[in-house]
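The lines below spell out each chain.
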Amino acid sequence: MIVGGCDIGSTTGKAVIMKDGEIIASTIIPSTTKPEETARMAMDEALKQADLSSIDDLDYIVGTGYGRLKVQFAKENISEISCHARGAHWMSPTVRTVVDIGGQDCKVMSISDEGKVVEFVMNDRCAAGTGRFFEGMARVLHCGLDGISSLENQGAEPSTITSQCSVFAESEVVTLINEGSDLKNIIAGINNSVSGRLNSMVRKVGLVEDVALTGGCAKNAGLAKALEKHLKVSVKQLPHDPQIAGAVGAALIAVEKAAG
Amino acid sequence: METNIKSKTLDEFKTITGTMINPAVQEWKDNGGKVIGYFCCNIPDEVMTAAGILPLRLRGTGSTGTELSDAFYSSINCSFPRHVFNMALNHEFDILDGLIVPNSCDHIRRIYDNWLRQLDIGFLEMFNLPRKVEEPQVQWYKDEVHLLVEKLEKQFGVEITEEKLKNAIKLHNENRRLLKQIYELRKVDNPPITGGQMIAVIVAGTAIPRDKYNEMLKELLEDLKGAEGIKDHRARLMVLGGILDDPEYMDILEDQGGLVVTDSICFGTRLFWTEVSEEGDPYEAIARYQIQQRPTCPRSYGDQPKRAQYLLDMIKEFKVDGVIGERLLFCDSWVVEHYMNDQDLKEAGVPFLKLDREYILSGKGQLRTRVQAFLEMLGGK
Amino acid sequence: MDNTDLSTLGRKEVLEKSLTRYRKERDWFQMFLDALSMMPELSEEDILQQKMLTILLESKQTVLDCAENNKPFIAGYFCNAPEVFHAMDLPWYMLMETPFLAASAPYLADDIKGTEEIGLGSDLCTAIRLPIYYIETGQMPIPSAVLGLIYPCDGAPMLHQVMMHNKAWKDVPVYAADPPYTSDERAIDYFADELKRMAEFLQKHTGHSLDMKRLAQVCEDGNKTYSKWQEYNELRRAVPCPHGWSIGGPQAFAVSQCFVAGDPKCTDWFEQLVKCAEIRVNAGEGIPGVKERIRYFWFDIMPYGWIFELMPWLEEEWGAILTMDMFGNYPYTLIDTSSEEKIWKGLAKRNLIDAPMIRQARGTAENFSNDIRRIVKDYKIDCVIWPGHMGHKDGSAAGGIMRQTCRELDVPFLQIGLDLFDRAYTNPDEVKDKISKFFTSMGLG
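Taken in order, these protein sequences are the chains called G, S and P. Per our numbering, the first sequence starts with residue 216, numbered consecutively. Per our numbering, the second sequence starts with residue 489, numbered consecutively. Per our numbering, the third sequence starts with residue 11, numbered consecutively.
Since the hints were derived computationally from the structure, they do not count as laboratory data. Note that the Cβ used here is the ideal one computed from N, Cα and C, for glycine as well. Please note: incorrect hints may appear among the correct ones.
Said to hold, decoys possible - Cross-link-like lysine to aspartate or glutamate pairs, in silico, DMTMM-like; alpha carbons within 20 angstroms at most:
{"#": "1", "chain 1": "G", "residue 1": "K285", "chain 2": "P", "residue 2": "E327"}
{"#": "2", "chain 1": "G", "residue 1": "K263", "chain 2": "G", "residue 2": "E237"}
{"#": "3", "chain 1": "P", "residue 1": "K180", "chain 2": "S", "residue 2": "D832"}
{"#": "4", "chain 1": "P", "residue 1": "K352", "chain 2": "P", "residue 2": "E244"}
{"#": "5", "chain 1": "P", "residue 1": "K275", "chain 2": "P", "residue 2": "D120"}
{"#": "6", "chain 1": "P", "residue 1": "K180", "chain 2": "S", "residue 2": "D791"}
{"#": "7", "chain 1": "G", "residue 1": "K444", "chain 2": "S", "residue 2": "E580"}
What the hints assert, rightly or not - Facing chain S, from chain P, some residues (calculated, C-beta under 8 angstroms):
{"#": "8", "residue": "F88"}
{"#": "9", "residue": "D133"}
{"#": "10", "residue": "G165"}
{"#": "11", "residue": "G398"}
{"#": "12", "residue": "K403"}
{"#": "13", "residue": "G410"}
Build out the structure end to end from the sequences listed, making use of the hints.
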């Protein structure tokens, strides 16, 4: 059976094709202003990668992500919370807590040994702790996202950034820059403050190991390191790209749906 | 802004204020003493002193975050209880033998509920405050003091006699009198002490044995009397607001050349401007002091005209050029109080600057800019 | 925003201005009522609407008549023991009427902007900010006396302090009963005394007098109303639930406590309400056209500022039925009228412990978890939603406790974070997205 999962987020679109329980293609592309187009482009690229000629070769497709309602070729749409949980569980079956940091929101899911969501929390109105927040910070620091995630840039004495609100946090960072604080300490401070917020969310659902990070920001090594310090447990490294966890989860659900 | 004053006592006050479990608290515990934490100006701390227990008013000094407490609180809650409760969850208050929480505001009162469910403490009590300031409320408060005394006696195996209570009142009144004497020195053209220094002095008084505090205040008064006054300030400021316990925040206000000469804040004159009567029933005296005689905060209902008058009197007595209203974000009490203060001060022709803030100092750059602009507006040099 | 300088207006102009909105509100009720009477045939639900509109309209008309002809009338808040002033034949309006009615009016957005322009911070509860704005801009009828409320939140006492501070309202006497934080006998006695003082205050400032026999009668009539309400709530336990968000709790609260209290008219409305529900329950039917898939407990007021953008969607998209809400669920204790003392105590208990929002938010957080436990069990609730209105700060500070309670009950819990009035605070689409994610992830619907 060949199935597809398509995860349309606010900053990237992800598509995965699975055949008999294995990933045979996966793509990540930047989101366009039209989610339906992003979906189409991501899937076309995945089809090419899998050497498939048409979308009709797929037995079932599930859409997920913020733009899930706009994935026109999907037969069903499922929330990214369920999909990330399923995806992370498939990648590493011992995972019980999933921290998903997307472009514009973050969620923490507590999952059962079958990969079902038991409880979850989302960030509230504030963008702090999301991809958008990191982008804003990278802009202010002129360091790019890589600069924020690089382990070498995590200063030993993280600056204190207390504001919950991303706008105020940004102005705090500007103050720190003007005061001549060490850039590496500021970067460590940013990852530190986001980790603090994520830790609160994890505590809300209850911390159970293993903990895994998914979503685009899971690739931020500095953040992962800071989060480990806050949670006081290590974060499980997933054997696949954590950014495609949602699309993988969608594909897995597609298998079930196709089987009826 | 700094004074030239050399005072060992002042340095000691700063050390005490800079940390939550200061050396005096540790020493008290080491000698087998009991410590009870509490919040706000409206808890009768005399009762603890009378019981031979050290009342330690809790703050979030030294807190680095709210990640543990945010699992219980939300982002529309004030940062003060979130920092304090976070420290509690971090076991930084394990030294306490008890905690008394007043229903001061919507944020602080929930410390009780969350503490009750998350942490073990031998003695955890709500102190149930009324909102109004009339006779039945004095009686309600008086009953609450009686109930508290009974509970303390039972829990700690102490006897709190009327005489002990009266002695505690005298002791705490002396704190108040001495603090007021220092404020007298701030009325002159060249006060010997800054607002930042003053706040350190006041906060310390809520964190050490009150007899020791009296001794220290006397030493400080001596040092201040001999000190050269501050001359380089360009305006005299009053600070009006809530839980402000951070000398550094005051320092930033004053760095721009304004000298804080008086205040109405939770760690300020509202704590000591009036005294508890030393005559008659001490329970009645404490209740009347708390409900009717002490300058109130906006949670006290129906007292706004009196508060407004207090503000105007302060401005006159201390020759204040401008008022800074500080408020912790999400505080529904102070935002409306400041709204009314704004109207009153406009009418009185006194410039007023409203500042929202987080409990732990942040955004210093923006703060400096706003204060500097305010001072320029005041027409200083 | 409205920035007329009230001090430049004469007394008559101030009065006219203060009645403009109020008249508009009356005219809406009249319009709705007229529209109903033009219909060739009325359903039982239409009759229910008609009865409610008649009560509301009459209350509005009476207040206007008093204001225009210089007769005493008062402004009250909720949970002020309205039985007392109803027994005194004292016309009254509720201070929260205007903000709640503005919620479905085109000027709400402008009013919210106005609150910020006059200098009230955007993190201050909108339900407090709006009435302050209406008072400060002279858009509320100035009464002979005010009954304030100083609980359940920090904002409410501030609203009344602004009222006393306002120049046009300065001479209006205000009384508010002081709420104890506890709920024991001592608290009830204390509050009963506060209510007695309230009655004295009203007699002094309005010239209307209180006859205790009449009050006993009003309480008896009220008991009939509340018994009917209880009967109605039992019907809501049915699966499927006979009514959703659009009929029930909030209206029951308004009819029994906000516009009139302890009156055969109320009981009559509740009888009609029971009738409407009974027809459906007996037929084993739920809301027409909706297949019930999720029974949710909405633990707050509904988002009146954008209610039509959310509540119908929950039914249509998800078959999610508001089975119970904060204002609908309360088993009010009937008042023992055998002695004067018992009447006062009964009123104290009702207004301190039974009435919604006051009941949960006034005291310790236990009040939140106990309600969740009871309602989840009694109404076969599938999930609990704490909307997290930006003004309900004590409630959100108990969010962790509510979550824990729900975990123990094994029922999913969602905390949203929104503004009941201001749709810009959290966009309705975002709210819908959160709810959708919640439902699907929890395997509901």
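Hint by hint, here is what the structure shows:
1. Between K285(G) and E327(P) the alpha-carbon distance is near 17 angstroms, which keeps this suggested pair within the 20 angstroms criterion.
2. Between the alpha carbons of K263(G) and E237(G) the distance comes to roughly 17 angstroms, so the proposed pair stays at or under 20 angstroms and holds.
3. A threshold of 20 angstroms between alpha carbons decides the hint, and for K180(P) with D832(S) the separation of about 14 angstroms falls inside it, so the pair holds.
4. Distance hint between K352(P) and E244(P) is unfulfilled; the C-alpha atoms sit about 27 angstroms from each other, more than 20 angstroms.
5. Between K275(P) and D120(P), the direct Cα distance comes to roughly 36 angstroms. Violation of the 20 angstroms bound is thereby established for this hinted pair.
6. Restraint check: the Cα-Cα separation between K180(P) and D791(S) comes to about 14 angstroms, which is no more than 20 angstroms; the hinted pair holds.
7. Between K444(G) and E580(S) the alpha-carbon distance is near 19 angstroms, which keeps this suggested pair within the 20 angstroms criterion.
8. For F88(P), the shortest C-beta to C-beta distance to chain S is roughly 17 angstroms, which exceeds 8 angstroms, and the interface hint is violated.
9. Given hint, D133(P) at the interface with chain S, holds; its Cβ is 5 angstroms from that chain's nearest Cβ, closer than 8 angstroms.
10. The interface hint given for G165(P) holds, since its Cβ lies 4 angstroms from the closest Cβ of chain S, which is under the 8 angstroms cut-off.
11. Satisfaction of the interface hint for G398(P) is found here, the shortest Cβ-Cβ separation to chain S being roughly 7 angstroms, below the 8 angstroms cut-off.
12. The beta carbon of K403(P) is positioned within 8 angstroms of a beta carbon in chain S (closest approach about 5 angstroms), and the interface hint is therefore held.
13. A cut of 8 angstroms between beta carbons decides the hint on G410(P): the least distance to chain S is about 3 angstroms, and the hint holds.
In terms of the numbered hints stated before, the structure departs from hints 4, 5 and 8, listed from lowest to highest.
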